[in-house]
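Colleague: For the record, the sequence lines run as chains A and B.
Under the numbering used here, the letters of the first sequence match residues 1 to 670, in that order.
Under the numbering used here, the letters of the second sequence match residues 1 to 361, in that order.
The set of hints was computed from the structure by calculation and includes no laboratory data.
Beta carbons are placed, not taken as given, at the ideal position from N, Cα and C, and that holds for glycine.
Among the hints, a few may not be true.
[Claimed, not checked] Now the in silico label distances, taken between C-beta atoms and shown as ranges:
no.: 1; chain 1: A; residue 1: ALA175; chain 2: B; residue 2: SER18; range: 48 to 56 angstroms
no.: 2; chain 1: B; residue 1: SER181; chain 2: A; residue 2: PRO590; range: 43 to 51 angstroms
no.: 3; chain 1: A; residue 1: HIS35; chain 2: B; residue 2: ARG36; range: 58 to 66 angstroms
no.: 4; chain 1: B; residue 1: HIS154; chain 2: A; residue 2: LEU365; range: 24 to 32 angstroms
no.: 5; chain 1: A; residue 1: PRO590; chain 2: B; residue 2: GLU114; range: 56 to 64 angstroms
no.: 6; chain 1: A; residue 1: LEU365; chain 2: B; residue 2: LYS109; range: 27 to 35 angstroms
no.: 7; chain 1: B; residue 1: GLU217; chain 2: A; residue 2: LEU376; range: 54 to 62 angstroms
no.: 8; chain 1: A; residue 1: SER261; chain 2: B; residue 2: VAL228; range: 45 to 53 angstroms
no.: 9; chain 1: B; residue 1: ARG36; chain 2: A; residue 2: ALA575; range: 50 to 58 angstroms
no.: 10; chain 1: A; residue 1: HIS187; chain 2: B; residue 2: SER208; range: 52 to 60 angstroms
If you want the building blocks of each chain, they are given just below.
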Amino acid sequence: MTAGAAVAARSSTATPRSIEPWIWAAIALLAVCLHLGRAAVPWAATFPAEWTLPAQTWVSRFVKWLYQDASLGLFTFQELTRGIAWVLQWPLEAAKSLLSTGFERGMGQQAVLIWPPLSWVGVTGVLTVMSCYARDWRLGLLVCGCFLYIAVFGQWHSAMITLSSIVIAVPLGVAGGLLLGILAFRHPMFERAITPVMDLMQTVPVFAYLVPILVLFGFNPVAAMIATIIYALPPMVRNTTLALRRVPTEIVEFGRMAGCSRRQLTWRVMVPAARSGLMIGVNQVIMLSLNMVIIASMIGAGGLGRDVLTALRSLDFGAGLEASIAITLLAIALDRLSQAFAARPPSASSPDEFRPAWRRHPYLLAATSVVAASWLLGWLIPAVQQYPEELQITTGALINETMKWLNVNFFDVIEALKAWVLLNLMVPIKRLFVALPWVAVVAALAYAGWRLGRWRLALLVAALAGFIAVTGQWEKAMQTLYLCGLATLVACALGIPVGILAARHERLNRVVQVIIDTLQTLPAFAYLMPVVMLFRVGDFTAMLAVIAYAIVFPIRYTIFGIRQIDPTLVEAAVASGCTRRQLLWKVQLPLAIPEIMLGVNQTILMALSMLVITALVGTRELGQEVYIALAKADVGRGVVAGICIAFMAIIADRLIQPWVAAHRHRLGIA
Amino acid sequence: MADPASNDADHPVRGARSIKLACRGLWKVFGTSAGRFQEMLPGTPSAADLHEAGLIAAVRNAEFAIHEGECFVIMGLSGSGKSTLVRCLSRLVEPSAGEVLFDGRDLLKASERELIEIRRHKMGMVFQGFALLPHLTVLGNVAFPLEVQAVERHARETRAREMIELVGLKGRESCYPRELSGGQQQRVGIARSLAVKPDIWFLDEPFSALDPLIRREMQDEFLRIQSVLKKTIAFITHDFDEAIRLADRIAIMKDGEIIQIGTPEQLITHPATAYVSEFTRDVPRAKVLSVRALMRAPGGQATFAGQVRADARIAAVARQIVESSQPHAVIDGSAGLVGTIDRQQVIDLLVRQDGGQERQK
Ligand SMILES: Nc1ncnc2c1ncn2[C@@H]1O[C@H](COP(=O)(O)OP(=O)(O)OP(=O)(O)O)[C@@H](O)[C@H]1O
Ligand SMILES: [Mg+2]
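Put together the whole structure using the sequences plus the hints.
Modeller: Shown next as structure tokens:
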């Protein structure tokens, strides 16, 4: 960052301030000229189709070759993927049997149940006991409530299928991330090699790598789980290196002085000492896995995700909403539970170690007895084994009725609103973006890059934008930009004022924090359902869903930005007689601008990732490309579109970060 | 810098005891081109020379020997290189040049494996920030160094309990570090560093993070433990009061260089530079100086109010001397009468704390 700041500081002295507006004006003029003269220079206005590189075909061909002909010496690539799938299938099947289907002998119709799955009472009981152990009875109550809802609303079967894949994917993701993280920590070379891969993986929308996984592993729960693990892995790697790096030097020195070997130092000293940092990673893996639930169902995961997807496709909002809520509750329960485990200090001291084992581990005892009791009772009373169907509640019909009523009575209002926004705001902006000549846009981006980071950044940004043009994705990318830009704009316009208010009023802040914490645990799809219910498909719906999903970030960063200002500065301002308004405009906002811009950056990234999901409601941008590619199992198309989205995210990120660094530098808070 | 050999000779504590740990021409420089600093700047470059070359000199040409059973205190202001020096001695930090002789063999030539063995059996270290492992109980922490050597559970826990008792924490074995006060945590750190019966004991500002009363208590505890175990010690502090309480000899560092090594008394009576005398200015002299440093050569007197030993601290005999108007005879075990000391000399010393010349030969 300091390097970036230095570069930026140098570059801002290189170009005198006065000519900067002229250069921007020149670029704008260029855009207008190219647009007007598009008959004369057609290649500069729209990227000529005959120049595009067949990157999609290359990728498709490569994956096909990989799948059919590639050999790794002893075995072929295909055998490798089959092997991986075969190995992963076992634990997944076992978890599914344990939680959902029960253990069976025989195949298909002739299957005989030899051991029933854990009953709903058992699962709920065990998780409740775990919550009490990890924190207190209040968390126990929350978790118990979540699972009761799932049972009562008839989502139990699907939820357990989802849970079984989570139960396997999370430990695998954690273990893999931990190992990679330790490797990266130990070998800087390795770290340098994987960091860009991790960056790309976090910006490429999940859909993009769903397609190759679909081709390599097929349409089945194992493929879905592999996609989940890949998606959830990068934060764990990052958290691991970060947490290991934060272990106090003295602790590491102690380990070396005690004569630890390298392995002992890692596993006996550093990993335990980094525990709390690692647990943050574990929590993120859990949350991301749950985020993937619906997406993974597109390549074969069953459970709640598939229920939502089916409902969405058949516009059965009632069922979809219920399943969405079930996913959300599952996410909340697992999130709170894992956070409680993370925050839990090592077990409090028990002075007399000589008590019998069952007195020392009361929670373990409680959990086992819950399982045993529910199992025994399950044989006697079927209602304990399986939540009785006649006691299930469903609000599906009610919701559908309500929707119908709303649509009948308020159709005009809703439609009018939608049409007005579309006609007066969205369509004109969309036209403008699509009409922008690509040469002018690339020039503008390159100039911005040059201002902020000289040639390196200018070249990088121009190359990334060029790639989008060259692969023939320009128009789709512009559509993406318009949707994403508009959503970011609205999200910031609403979120930043809310953040400012919350930062200045403690009571409001507490309310806002609770709301954004909850919103952040919701899987992205949860935002889509209610919007679709009201506004049905189209750009407007997509934009609203993106705004709803991304608005958390400007709020959070604004609050943080204002709160992290050195209190003595605020005191000094108040002491010198600032009114509250002056305090805001003259002190707090200017100092918080860097953080707010980071929030904007995050909003853009999140909007881009959400756009892929909103493709489900029929937008016409890159996300849609990926989605279509998935439906057609067209690897090249999906991967190229996915990479283009990632490149857009990277361009935004690389331009905003040095700007923030330079601004901080100017404020002397670098 | 004073010659270590000549310094040793006139110290009463050590006599013929063998050298446990010594270093010669020890350098540690930080910076990107630290590996090549000797080619770049041959000889003994000054801190300014190194700074110009973009290097930070943390330890410059250190040279001293620590004797068996001696408490060697390293002092200096923050950033003077004390921690780095001690970490070079245990090779936690790889020195840039020089030799570290431990029991006569060069530690810098030891392989990774040998180093691990030496650290497992011969070295113990106490840290300023305690460095306790948060996930282990007191017992687990103290037994940890034995655990990594794969000492069998019963044996290591027995030893750990002994050590916990030695530092006065019996009954707190199953507490976790966060449940203990700072002083108690450092007791655990001390117990842990002693669990392997080290030959040499490194302490890096062990009491700096504690408040004054606890610090005093821990120093007493440390002296008690040392009177039982008689370890060879390298002790870092930036507190001169602490140094004179604990030290046999003190090394004073400034900008990575050791500027003087000597007993507390030598540092006060013969400061090598103005920096050292500035450093020792506020020290209560009566507690450091011995009668020998203050006495006059015996004159023709025949009547004495009493006798005092030449190696007694002034503070210990001040009352006895001041209560009489007659001078006292100063005797030295074998040599008999070596000088005289009277009330006026002692009062002068007690009253004047301005750091002027006390030597009244
Ligand atoms: N890893 C390192 N890289 C670069 N410089 C270092 C490093 N470790 C120490 N230094 C520098 O070496 C010098 C000596 O540091 P050291 O920690 O030994 O001082 P100290 O005397 O122990 O100080 P304190 O009393 O604050 O602990 C300092 O200028 C410090 O900045
Ligand atoms: Mg230090």
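Colleague: Work down the list of hints and note, for each, if the structure agrees.
Modeller: Here is what the structure says about each hint:
1. ALA175 (chain A) and SER18 (chain B) have their C-beta atoms about 52 angstroms apart, which keeps the hinted 48 to 56 angstroms range intact.
2. For SER181 (chain B) and PRO590 (chain A), the Cβ-Cβ distance of about 44 angstroms falls inside the hinted range of 43 to 51 angstroms, so the restraint holds.
3. About 60 angstroms separates the C-beta atoms of HIS35 (chain A) and ARG36 (chain B), a value consistent with the hinted range of 58 to 66 angstroms.
4. At roughly 28 angstroms, the beta-carbon separation of HIS154 (chain B) and LEU365 (chain A) lies within the given 24 to 32 angstroms, and the hint holds.
5. Against the hinted window of 56 to 64 angstroms, the Cβ-Cβ separation of PRO590 (chain A) and GLU114 (chain B) comes to about 59 angstroms, which satisfies the hint.
6. The hinted range of 27 to 35 angstroms is not satisfied by LEU365 (chain A) and LYS109 (chain B), whose Cβ atoms lie roughly 57 angstroms apart.
7. The beta-carbon spacing between GLU217 (chain B) and LEU376 (chain A), approximately 60 angstroms, falls within the hinted interval of 54 to 62 angstroms.
8. With their beta carbons about 32 angstroms apart, SER261 (chain A) and VAL228 (chain B) fall outside the hinted range of 45 to 53 angstroms.
9. The supplied range of 50 to 58 angstroms is met by ARG36 (chain B) and ALA575 (chain A), whose beta-carbon atoms lie about 54 angstroms from each other.
10. Range check, HIS187 (chain A) to SER208 (chain B): about 35 angstroms between beta-carbon atoms, so the 52 to 60 angstroms window is missed.
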